[in-house]
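Position chain R relative to chain U; hints supplied.
Going line by line, the protein sequences match chains U and R.
Reminder that position 69 of the first sequence reads as 68 in numbering that gives the first Met the number 0, one-by-one numbering, no gaps.
Reminder that position 133 of the second sequence reads as 132 in numbering that gives the first Met the number 0, one-by-one numbering, no gaps.
Check before you lean on any hint, since a few could be wrong.
To be verified - Straight line, CA to CA, 25 Å or less: simulated DSS-like cross-link-like pairs of lysine-lysine: (1) R/K141 x U/K47; (2) U/K40 x R/K141; (3) U/K47 x R/K184; (4) R/K173 x U/K47; (5) R/K184 x U/K40; (6) R/K166 x R/K29; (7) R/K29 x R/K86; (8) U/K40 x U/K75; (9) R/K127 x U/K40; (10) U/K47 x R/K127; (11) R/K141 x R/K166; (12) R/K173 x U/K40; (13) U/K254 x U/K283; (14) R/K141 x R/K86; (15) R/K29 x R/K141; (16) U/K252 x U/K283; (17) R/K184 x R/K86; (18) R/K29 x R/K127; (19) R/K29 x U/K47; (20) U/K290 x U/K242.
Honestly, the hints are just simulated from the structure, not real lab data.
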Amino acid sequence: MTCDQIQEQLSQYLDNQLDDLQRREIEAHLAICPHCLPEAKFLSDTMKAVAGLPEVEPPAGFSQRVMTRVRAEAEKPTLWSRLFQPLPIKLPLHATALLLVVGLAVYLYRANEPVETPFVGSIPSASAPSPVPAAPPPQEAPQASSEQPQEKHSALAPPPAAPMRERFSENKPTAPETDRLDSSDQGNRPEEMMAKSKVEAPASDLTAAKFPPTRAEAPRAAGAMAKKEALTPADLLLTLIPKTETPEALSTKVKEIVARSGGTLYPSEKDDQGNTHFQLDLPKSEYNRFKGELAQIGEVVSESQISSPPSTGKPTSSMRVELTFLLEKPKEGAPAPPPSR
Amino acid sequence: MDGTPDWEWVQQVQRGETDAFEILIQRHQKPIFNLLYRWLGDREEASDAAQEVFLAAYRAIREFRGDALFSTWLYRIAVNQAMNRRKRLALDQARRAEQRRVDSDELPDPLAALPHPGPDPAQEAEQKETVARIQQGLNSLKEEDALIILLHDFQELPYEEIGRIMKLPLGTVKSRLHRARLALKAKLAPHYDSSRMER
Chain U
0 MTCDQIQEQL SQYLDNQLDD LQRREIEAHL AICPHCLPEA KFLSDTMKAV
50 AGLPEVEPPA GFSQRVMTRV RAEAEKPTLW SRLFQPLPIK LPLHATALLL
100 VVGLAVYLYR ANEPVETPFV GSIPSASAPS PVPAAPPPQE APQASSEQPQ
150 EKHSALAPPP AAPMRERFSE NKPTAPETDR LDSSDQGNRP EEMMAKSKVE
200 APASDLTAAK FPPTRAEAPR AAGAMAKKEA LTPADLLLTL IPKTETPEAL
250 STKVKEIVAR SGGTLYPSEK DDQGNTHFQL DLPKSEYNRF KGELAQIGEV
300 VSESQISSPP STGKPTSSMR VELTFLLEKP KEGAPAPPPS R
Chain R
0 MDGTPDWEWV QQVQRGETDA FEILIQRHQK PIFNLLYRWL GDREEASDAA
50 QEVFLAAYRA IREFRGDALF STWLYRIAVN QAMNRRKRLA LDQARRAEQR
100 RVDSDELPDP LAALPHPGPD PAQEAEQKET VARIQQGLNS LKEEDALIIL
150 LHDFQELPYE EIGRIMKLPL GTVKSRLHRA RLALKAKLAP HYDSSRMER
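In isolation and in its complexed conformation, chain U is listed as follows (with noise of 0.2 Å):
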């Protein structure tokens, strides 16, 4: 072996990493050679000065000081639990945020209802905010009609709150949980106010129409007819003198009419006076073969159309028309019902 090649093992040599083979020739070598040895021995001394070098102990409380910034490293939250799992301090400041947040959507969406004529007959609770200034309650309201009993506007009542009205109300809901849930502040939005003034006018004008049945006493009439969405406003107005019907006739023709226009007929109702009322929803395009067969079994007396506001979210193919079959003549004199289509 060649010097370099000596000196390349040499520090395998000094680790004791060379087999017996290995170690003999190299010994055989630095036994001879004046050059190598001295090598062997500057790198020899050289790791063992750094072997030598004295070990040092840590800063006195090193483990404290690292297990310190340990601790407060593992209470430290995540961003995960920082978003999403509060301490429960913050829970009922989540809580309250939420309910504001929620309440004051609620406000605005109500006030900015778009409303059209201002025209307030009688509107239900002057709790709901309204952009139009606030008719009395049903009671106190100035009656067109004075031989409309207070009794009616028992039906005009509003219907039960949504559950989230509830809990910023301290008004209970009356009618069943399943009727609350689909009602959903009907009742108290303004637009059903202004709805069912608009519905109440002509009807306070032909003396005794009313409106159709609330939510809770839907389910008792309904028998095969659909179940109604929602308290909304009608499109039409049709009021009727029945051709010698008797109301069960009446009913089940006003079914069948329905269902041969394509529409849907929701429970009727019969206010005091005996007159019967009927809403439901049309296809548009059929109204007049709608009309033309009504005209067999009543005669139409008036015919009043009122615009819905465009919030309604009812399909624009549709109509909704509220149909009142009167037990008697209107008076003669009384104001005419809104102009007709």
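Positioned in the frame of chain U, the structure of chain R alone reads:
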């Protein structure tokens, strides 16, 4: 300290028992601190770096699966933590050495400009001059050369573990260690006095 393996303490920490980490610190603080002290050549820097090493280890301890020794894993963190510090220290020392050269007409000793450990009670019992020259020689080496010498000759780690720490194959560890020793020998050659260096 009992003979419970590191892995069991690690698992306790992984389960959220933070206090178990203190056992691991107490077991490994001395070799880690000494490696950093000799590698960085500065006691304060070594203390700061060692704290960062253990804190980084705690943060990442859930990633430790026990495939290697905990000490090996810790050394790797130490190497990563201290590498940038050593480069920064070397630059600082070079600037200071340059400033001293400008301020003084006499030619400076290149090794004297390198950092050396501060006073240490244990070190005072040693031959200060020899220790200081060895330290200065280490400081003047490339980072990897100083590291491999310290891991093998100072910390007495086997080649295989050095390979895992430095992510080097075994053959490369052997050859690189030899070259590093020759480099250190060359640094110390002007001051070599076999009678003083031998222990």
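Comparing the hints with the structure gives:
1. Restraint check for R/K141 and U/K47: satisfied, since their Cα atoms lie roughly 20 Å apart, inside the 25 Å limit.
2. In summary, the hint linking U/K40 to R/K141 is supported, as the alpha carbons are separated by about 24 Å, within the 25 Å threshold.
3. Between U/K47 and R/K184 the CA atoms are separated by roughly 12 Å; this keeps the pair inside 25 Å, and the hint holds.
4. With a CA separation close to 18 Å, the supplied pair R/K173 and U/K47 stays within the 25 Å bound.
5. Annotation: proposed proximity of R/K184 to U/K40 holds, straight-line Cα distance about 11 Å (limit 25 Å).
6. Note on R/K166 and R/K29: the hinted pairing holds, with a Cα-Cα distance of about 23 Å set against a maximum of 25 Å.
7. For the hint linking R/K29 to R/K86, the alpha-carbon distance of about 23 Å falls within 25 Å, and the restraint holds.
8. Taking the CA atoms of U/K40 and U/K75, the gap is about 56 Å. The hint is violated against a cut of 25 Å.
9. Proposed proximity of R/K127 and U/K40 is supported: the alpha carbons are some 22 Å apart, at most 25 Å.
10. At most 25 Å may separate the alpha-carbon atoms for a hinted pair to count; U/K47 and R/K127 meet this at roughly 16 Å.
11. Restraint check for R/K141 and R/K166: satisfied, since their Cα atoms lie roughly 17 Å apart, inside the 25 Å limit.
12. Restraint check for R/K173 and U/K40: the C-alpha separation of about 19 Å stays at or below 25 Å, so the hint holds.
13. For the suggested pair U/K254 and U/K283, the alpha carbons sit about 17 Å apart, so the restraint of at most 25 Å is met.
14. At most 25 Å may separate the alpha-carbon atoms for a hinted pair to count; R/K141 and R/K86 meet this at roughly 9 Å.
15. Proposed proximity of R/K29 and R/K141 is supported: the alpha carbons are some 24 Å apart, at most 25 Å.
16. Proximity of U/K252 to U/K283 is assessed by CA-CA distance (about 20 Å); at most 25 Å being required, the pair is judged to hold.
17. Between R/K184 and R/K86 the CA atoms are separated by roughly 22 Å; this keeps the pair inside 25 Å, and the hint holds.
18. Proposed proximity of R/K29 and R/K127 is supported: the alpha carbons are some 21 Å apart, at most 25 Å.
19. With a C-alpha separation of about 20 Å, the suggested pair R/K29 and U/K47 falls inside the 25 Å cut-off, and the hint holds.
20. For the given pair, U/K290 sits about 15 Å from U/K242 by alpha-carbon distance, which is consistent with the 25 Å threshold.
Checked against the numbered hints above, the structure breaks only hint 8 and satisfies the rest.
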